[in-house]
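2 protein chains.
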Amino acid sequence: MSDVARTPWSNGSAITESDGAEGWERWLGLGRQAGDLLAAIVGAGPGEVALSDSTSVNLYKLGAAALRARPGRTVIVTDEENFPSDRYVLAGLAAQHGGTVRLVRTDPDTGVHADAVRRALDPDVALVSLSHVAYRSGAVADLAAITAAAHRAGALVLWDLCHSAGAVPVELSAAAADLAVGCTYKHLNAGPGGPAFLYVRRDLQAHLEQPIHGWFGQRDQFLMRPVYQPETDIRRFLAGTPGVLGMVAALEGARLTATAGVPAIAAKARALGTFALALADAWLSGYGVSVASPRRESRRGAQVALRHPRAWQLCQALRDAGVVPDFRAPDRLRLGLAPLYTRYLDVYEAMYRLRDILATGRHLGYPAQPTGIT
Amino acid sequence: MSDVARTPWSNGSAITESDGAEGWERWLGLGRQAGDLLAAIVGAGPGEVALSDSTSVNLYKLGAAALRARPGRTVIVTDEENFPSDRYVLAGLAAQHGGTVRLVRTDPDTGVHADAVRRALDPDVALVSLSHVAYRSGAVADLAAITAAAHRAGALVLWDLCHSAGAVPVELSAAAADLAVGCTYKHLNAGPGGPAFLYVRRDLQAHLEQPIHGWFGQRDQFLMRPVYQPETDIRRFLAGTPGVLGMVAALEGARLTATAGVPAIAAKARALGTFALALADAWLSGYGVSVASPRRESRRGAQVALRHPRAWQLCQALRDAGVVPDFRAPDRLRLGLAPLYTRYLDVYEAMYRLRDILATGRHLGYPAQPTGIT
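In order, the protein sequence lines correspond to chains Z and A.
Per this note's numbering: the first sequence = residues 1 to 374.
Per this note's numbering: the second sequence = residues 1001 to 1374.
All clues given are correct.
Which stretches of chain Z does chain A cover? Using the computed rule of at least three CB atoms under 8 Å from a CB of chain A, they are:
1) 188-196
2) 209-215
3) 223-237
Sample of chain A residues with no beta-carbon within 10 Å of chain Z, all distances over it, derived:
4) Gly1047
5) Thr1074
6) Thr1110
7) Ala1114
8) Leu1204
9) Arg1296
Simulated DEER-style distance windows between Cβ atoms:
10) A:Gly1045 - Z:Asp281: 48 to 58 Å
11) A:Gly1154 - Z:Arg202: 38 to 48 Å
12) A:Ala1329 - Z:Arg26: 16 to 26 Å
13) Z:Ala114 - A:Tyr1341: 56 to 66 Å
14) Z:Thr274 - A:Gly1045: 52 to 62 Å
15) Z:Ala69 - A:Glu1209: 19 to 29 Å
Simulated from the structure, these hints should not be mistaken for laboratory data.
These figures come from a predicted structure and were not determined experimentally.
Glycine included, every Cβ here is placed at the ideal spot set by N, Cα and C.
Kindly produce the complete structure, drawing on both the sequences and the hints.
This is the structure:
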């Protein structure tokens, strides 16, 4: 952006007594500044990550770019436990390109396995798109093995890092992953609806074409040229004007995460999860609660899921007890253990209160699970 | 969202001492709450407008929906003076659907005329997409006449309201306009990169299909059903998770605008512009400055453009004099006269300082316009 910094353009005029010339120029680079911090967090290089849009929109842009880069192939492989918005976007994309989505069967508790993905691969597959950490169980997929398998089959890979960035180690460059997206409002702590990010491996950047030809992807955007000529770097995958308030929060979240360091954060996530599962085994199994997350620490993100036939009612009772869980259909209660601010005492309190609810049967006084939620 | 309000879902777990059950539910409705305020500002009805994504992404979604709704027609009509990002997005969309963009010639000072649009219409045209207020000249297009002409030719219309919402009267419903997009960071004062909005006429909402199948368009999104079944209302045109910080700012901006009222705002915009042009005529014409905006108040938005061979250097000198203009290629200086906070004194000061620069020749000491900026 340095070539823009001394030009007399601006975005929205204003008359000020002080020189207002710097603020508007600074914000243009925020998305890439945060992107470079995020790159280190997800094992990528500088210039390979940028803040942009929402996760769904980024998935659409990069998924479309991948389909375009694999002409003649029209199948997208994903898995049953992938986040619904991902499945909707991918199914829509496949249909719009005359193709289909191929669903890999997954274990609800331990997630998608590399062997299952391998069996789904053939020369029709253009793209494999999976969540690195499953949103319900917290199971970690084998990013390196699945990426390698996809590459052997001639497909590109697009990882959703929403539940893994800032929670577990991610090694995009080491795995030579092609594409990734993620949000900043889970473990990156940028607040609800914080801007999403996207990753494109450097050697692919100049060759892929995403379909939303907005001016933030345009070379020298403020020259306002009449014809779209996209940048050859990560900006090529941007579209419209990003929101500054959200970017500033995401930048701070990325800074906090980078300062703490992923190894320390991931170690605490593992310890918090193991502590939660130990308490579940000791205190809750007698009440019909079972563990619905991987027990192996290396296969588990910064969250745990518990299974119980009345999970719906338990979630309501637990919220009234001051602990905010997620209900996950059909019978799971999910606890997010954001390592940066969740204390061991918080985990203890959550499980203690859950035991108290089960012991007293207080959850039975809450409305039963409506039909239609499966 | 009321059916969601008492369910035990949440978006991101947290353990709190206080009951955190309400905040996350409230923010889900922010985009539509702001949308209803914006609807009144652009002459639409409740439920016809929502905050979502960026203007470019919204243009892509609604443009794609329009092309899909007019099978067999592949031409998009727009104009030479339309904002570059709009032209890029529309050209990309047309190409992706096997079609082309047809450019209407426009007068750089007085904008796009309904007759010129009429001459561009034929049975190949699926969509007419124009800016209501031109970003350089501030010229106001005849929204009602152009919409009617497009409808007679069997095409849909998609208006960009970025430079008109909150600055001039907009009457979408009265004109039976089909689609519109706009930003909140110009005259709606939501801050840089504030979230964009989109409008879809109510009777079209259930019938159009936009291509980005994200979960904010999904019916009962928190049921997490495996297959995309979009809402039949304005939510159908949403995609991913919106940013709360930006939405809160946009909501405040919409509230301020609604409180002041568009008639009062538009009247002040006209008076500010006429004042600026009168000063330009009186003070600047002797220095080679000419007016590059419509003189008729009803044809001019809340901005004025001035033409001068050394506009590039004038913009730099004016910024150093504490007035932030926009340079607009090839030879224009644009002043935004946001009516809510621009005083008559500010206009006077801006023109006074510009005259002083011209009289002293101070702008000649600034770098000349680089080649390549046309």
